[in-house]
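Novice: Now for the letters of each chain:
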Amino acid sequence: MNKVKKQIFLLLIFFWIILSIFDVFYNLIKFFPEARQWIFLSDSQKRVLVYGPIYNFLSFVDKYTNPNTSILIYSKDDKAYYLGRYMLYPKNITVVVNTQQLIKEASNRKFNYVALNDYSTKLVDYKAIATVSSGILYKKL
Amino acid sequence: MNVILVFLSIVFITVIGYSFINFFKILNGFDKLLRLSYSFGLGIIFVSFQLYCYSRLNIVWTSADILTPWVIFILIHIIKNRNLLTKLPKWPRLKKVDYLLLFFIAFCTFYAVFEALIRPPVAWDSWAAWLFQSKMFFLGNNIDPSLLRHYNFYYPILYYLLNSFVFIIIGNFDDTSILLISSAFYFFTLLLFFGFTSRRYGIRKGLFFTFLLAALQNLIRHGGRMEAGLADLPLGYLAFCSTTLLLDYIDNKGVKTLTLMSIFLAGTALTKSEGLPFALVISAIAIYYIFKNKLFSHFIYLLIWVVPIVDWEAYKRSNGIMSYFSGHYFVTSWIKFSDSLLGTLKELINIKSWNLIWFSYFVSLMLKKSWTKYGLILNVIVLSQLIFYIVTYIFTAGNSPESSIERLLIHIVPIAMLEIMFVINYEKFNLGKLFGFKNRKIMKFIADYVS
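In order, the protein sequence lines correspond to chains A and B. Per the numbering used here, residue 1 is the first one in the first sequence, and the count goes up by one each step. Per the numbering used here, residue 1 is the first one in the second sequence, and the count goes up by one each step.
Some clues are possibly wrong.
[Stated by the list, open to error] Stretches of chain A that chain B covers, calculated by requiring three or more beta carbons in the stretch to come under 8 Å of a beta carbon on chain B:
id, segment
1, 12-24
2, 85-93
[Claimed, not checked] The calculated lysine-lysine pairs, modelled on DSS-like cross-linking and capped at a C-alpha distance of 30 Å, are:
id, chain 1, residue 1, chain 2, residue 2
3, B, Lys346, A, Lys3
4, B, Lys336, B, Lys352
5, A, Lys30, B, Lys346
Worth flagging that the hints you see were computed from the coordinates, not collected in a lab. The beta carbon of each residue, even a glycine, is placed where N, CA and C say it ideally should be.
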């Protein structure tokens, strides 16, 4: 019985070695196309590939808002809250995912800015200050 | 430019650890390579602890205030050991096959570094939690408990502080260059594995098993590919440091080794919540040997690691910061039970990520030598940690193998690999009897590596 266990153990190690060598060559083959795919891209192009189109929208919000402000963001993108707080920190953000919530939160007037991702509406007490293909940015009057 | 600065920061952190080890004459019987492999871990624990103390004492985190004490300490160490740089270790005599293994390991490391620097952080937790909190600390120039409360951050802080330390040195928040730190953990894990095993079992075996470890796809993912920036590989490295120091303590009963192990246990428990069970199990084994050998005076040195943990928990409690269990309350069901077991099993047999390491490990458990002295210790650490994860999945909300077991197995993989190597070394394998090999050349070739 012990002999069988030892045989299985050694065979596993043997196949493990074969697979490890295969993995090294697999990585070697993968290396060149990956290098070609990524190395010539700009930083923002890479980030769009990694984070999706929401990255462009959040960069736009970051560009047109003042530091240390509070921003209400409307977006249906799953990454909006976590990527938003990561990219825009120390700006304080609140993310809403439906229009009723948006109107309710915007009417509180506690935000310096409201940013709408892939959506457009009129907001009382806010003025549109910048637009991009993926959204609009409003500033409190 | 930032990449070079991050690289220099890694070198600086390692020099801090190395100077400490040399200055206090710890690990005297160890060669330079092995001391170097512990140095990075020790360095990160020290610089993180420094930032934590500064924050508690309201000292602003400026690069001058942070670097000056270390530069003075390193200079004193160099003045005391002037011949340090002239005593470089000799390059060992290697055969062609050793160079081939070395090339494979070097390529894996290079690949991890390349992948780390080619793109921004990809893994969700990497930017949503680990790097976000590091950015928060770096821009705030301290640990602000009100922000930790606001964002519900209650996790141990060593890795955040390490990232903050590097950001302070480079002077800005660069979330791509910082991923080089993940590659450093990958490199130092391999270096420690090689240093520890080659010292006991010879250079060729050391190289051979280091290669098997280096080629694990999931380890490469955490060292630089998609999972770079997470704290799982740092935890795996620190837990491995603690484990190897425990084995050395059992052999030599050196109080300095025990003290160093205790410092590493503090680092382990302060990297991720999962580090605490590691620290408890390793301490329990150390206590057993302390009592067995009647070395009661050593007991106090083992307790060093408890001090920063208690302080951090007290700090969180006094500032109203959540604890782990307020986010993961008790809940269980049969579905959770079966999902936890099946999800873990599914990952253990995932050859794409783990190759055959877990198959080999569990088969090795059936062999006699797996349960003698070192094998027993390594198995207790690996299996207790694995059981802890499964039990956590079964009994707490918000935890499931689908979301995390692939990462959590990184914590125990170097220790499991060491156990496999231990079994191969001490179990008798007569290849002629086992497989009926008669060709002497093949037998000799395989025997060089296996028996």
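Novice: Does each hint hold? Answer for all of them.
Specialist: We went through each hint and held it up to the structure:
no. : hint                   : in the structure
1   : 12-24                  : holds (count 10)
2   : 85-93                  : holds (count 4)
3   : B/Lys346 with A/Lys3   : holds (28 Å)
4   : B/Lys336 with B/Lys352 : holds (25 Å)
5   : A/Lys30 with B/Lys346  : holds (26 Å)
This entry satisfies every hint, going by the numbered hints stated previously.
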